[in-house]
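A.B. asks: Same order as they appear, the protein sequences are chains R and P. With the first sequence counted from 1, adding 122 to any position gets you our numbering. With the second sequence counted from 1, adding 122 to any position gets you our numbering.
It is worth saying that the hints were derived from the structure and are not from the lab. Mixed in with the good hints there might be a few duds.
Note that the list lumps identical chains together, so a pair holds whenever it fits in one copy or between two copies.
Here are the simulated DSS-like cross-link-like pairs (lysine-lysine), alpha carbons at most 30 angstroms apart as the crow flies [unchecked claim]:
1. K274 x K310
2. K274 x K210
3. K274 x K309
4. K309 x K421
5. K146 x K210
6. K252 x K210
7. K380 x K252
Computed from a predicted structure; not experimentally measured.
Protein chains: 2
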Amino acid sequence: MSIDILQEKIFALRNPSVVGLDPKPEYIPADIMEKCEAEYGPTLRAAAEAYRLYGKGLIDALWDVVPAVKPQAAYYEALGPDGYAVLKDTCDYAREKGMYVILDAKRGDIGTTAEAYSRAYLGTVEVFGKTLEPFGCDSLTVNTYLGTDGIKPFYETCLARNRAIFALVKTSNPSSGELQDLAIDGKKVYERAAERLTELSVGAAGRYGYGPIGAVVGATYPEELSALRKAFPSLFFLVPGYGAQGGSADDVKGAFDKNGGGAVVNSSRGIICAYKKRGGSFDGAARDAALEMREALRKAAGL
Amino acid sequence: MSIDILQEKIFALRNPSVVGLDPKPEYIPADIMEKCEAEYGPTLRAAAEAYRLYGKGLIDALWDVVPAVKPQAAYYEALGPDGYAVLKDTCDYAREKGMYVILDAKRGDIGTTAEAYSRAYLGTVEVFGKTLEPFGCDSLTVNTYLGTDGIKPFYETCLARNRAIFALVKTSNPSSGELQDLAIDGKKVYERAAERLTELSVGAAGRYGYGPIGAVVGATYPEELSALRKAFPSLFFLVPGYGAQGGSADDVKGAFDKNGGGAVVNSSRGIICAYKKRGGSFDGAARDAALEMREALRKAAGL
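Go ahead and model the full structure; you've got the sequences and the hints to work with.
C.D. replies: And the structure:
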């Protein structure tokens with residue numbers, strides 16, 4: 123079970139954190155940018171190659187202390203096809219180094235199209251009599267708005283290929299409540315979303331009690347996070363919003379179960395841009411920041 | 123105003139339809155697949171090149187009768203980076219031929235990440251002192267679940283760059299009601315979504331009364347479609363679900379305003395796979411099917 127693999131990596135490293143790879147040109151050290159511009163000119167290709175080196179450097183600095191990495195597709199897609207190709211290579215490299223890869227792409231569509239997305243990122247494609255793997259991540263974030271038939275194809279691919287998804291439930295942004303917090307008969311939209319996800323994956327829980335469908339719940343809503351943990355014991359949580367977005371170790375305490383399992387907390391800028399505040403090399407500073415986050419989360423989770 | 127451009131193309135061709143490019147290996151004529159396999163081997167690259175030829179053939183057959191094309195990102199992403207590169211080239215080719223390109227990628231995320239997606243598909247990126255365009259579509263479908271701050275960056279890019287978005291309101295799939303139809307004080311989640319979109323784009327309407335934020339409303343829910351048309355006169359509708367999904371010309375009548383404007387109706391398989399039912403060449407059959415759809419929609423819209 124894919125979510126068991128993530129949980130075991132977390133327990134082995136005593137570190138329930140994931141580092142978000144959210145590259146932007148202004149985050150990349152100048153020497154990397156200059157080297158790539160010298161080789162490829164002032165192009166999107168050059169920027170993509172800079173993202174590749176930056177991502178590789180971060181993974182090399184983090185793989186033995188952080189169990190998982192969460193590349194954010196949007197930032198790579200913002201460099202067009204060259205960026206997208208580097209996104210795939212970065213996922214592959216992280217998996218080679220033994221990291222669990224959560225591709226944060228928030229895909230979602232109606233049945234047949236959701237099936238195409240699930241093949242793209244978690245599955246395979248049959249073509250020319252061959253079975254080919256387009257991307258190959260461990261897990262993917264998906265959007266819940268379209269309902270069960272938009273989630274089901276992902277779920278089936280998870281079962282068939284030992285993968286996982288994290289569906290948006292209560293997101294970390296300021297206006298997430300506009301639709302997600304609307305209450306019907308005392309139950310909110312995001313609670314109903316969590317209920318549907320639980321129903322869909324009933325009976326599929328692994329060794330630690332969690333199934334292949336997890337939930338995205340923001341660190342910026344600590345009360346909701348604790349309440350959801352109690353109400354939905356089979357949903358593993360991906361918790362964004364720690365660090366730069368304002369969530370603290372105290373805010374995420376409620377995300378964990380009594381064994382310190384059940385959740386992985388993401389920080390992006392707080393780790394990948396740490397060198398801008400701390401000085402030193404980008405990779406060394408990222409490692410130092412990741413070690414601090416690990417200590418804070420060990421206490422929060424009781425690991 | 124981008125949505126004015128779409129509306130004018132629709133009026134000029136008297137055709138409120140858009141053809142969805144949803145390629146799958148089994149849709150492509152055997153001779154194209156064989157040619158590409160011979161050149162590139164049994165690879166994702168070969169399949170992507172087949173999608174390129176298929177898409178180009180469809181665009182060449184349709185550009186003078188159909189105002190818009192809607193490539194579905196999922197199917198191209200299912201071929202990995204090679205497919206993604208062909209998706210961009212296909213968008214570029216359709217624009218070169220004068221078609222309005224709606225990229226159906228249903229992107230959506232929190233503020234900063236939504237900004238990256240808006241740059242990727244509708245905007246530009248600043249890098250190496252240059253302003254580069256990663257993709258360059260006329261419009262993009264976006265997911266509403268995260269709330270206003272997930273939509274705002276797209277909206278701002280639309281204003282700055284003369285682009286449009288279509289936000290998911292009431293989707294065409296069978297379980298769309300699970301979250302979207304939940305009613306709070308007599309008002310459904312999807313109606314509140316439409317309200318927010320209207321509020322966000324107030325004052326930005328163009329020549330025909332429509333703003334740069336449109337709404338996706340499925341042909342499979344004709345009553346909701348008519349009611350939304352009346353309630354939200356500034357939202358241009360992208361209406362999927364016609365044809366293969368079950369929606370008829372009669373079902374989409376209510377999507378149009380009194381001038382026959384305000385909506386564009388999508389068919390994908392019904393056009394791009396028409397040759398499988400009709401025989402003949404894939405491109406000739408697509409054109410014939412598109413002409414039939416045009417006649418049906420002219421009547422429905424009163425154009």
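A.B. asks: For each hint, tell me whether it holds in the structure or not.
C.D. replies: Cross-check of the supplied hints:
1. K274 x K310: Both. Shortest intra-copy (22 angstroms) and inter-copy (24 angstroms) distances satisfy the 30 angstroms Cα cut-off.
2. K274 x K210: both (24 angstroms within a copy, 28 angstroms between copies)
3. K274 x K309: both (23 angstroms within a copy, 27 angstroms between copies)
4. K309 x K421: neither (32 angstroms within a copy, 44 angstroms between copies)
5. K146 x K210: Both, since 17 angstroms and 21 angstroms are each at most 30 angstroms.
6. K252 x K210: Answer is both: 20 angstroms inside a copy and 25 angstroms across each meet the 30 angstroms cutoff.
7. K380 x K252: This pair counts as neither: shortest intra-copy Cα distance 46 angstroms, inter-copy 52 angstroms.
Comparing the model with each earlier hint shows violations of hints 4 and 7; every other hint is respected.
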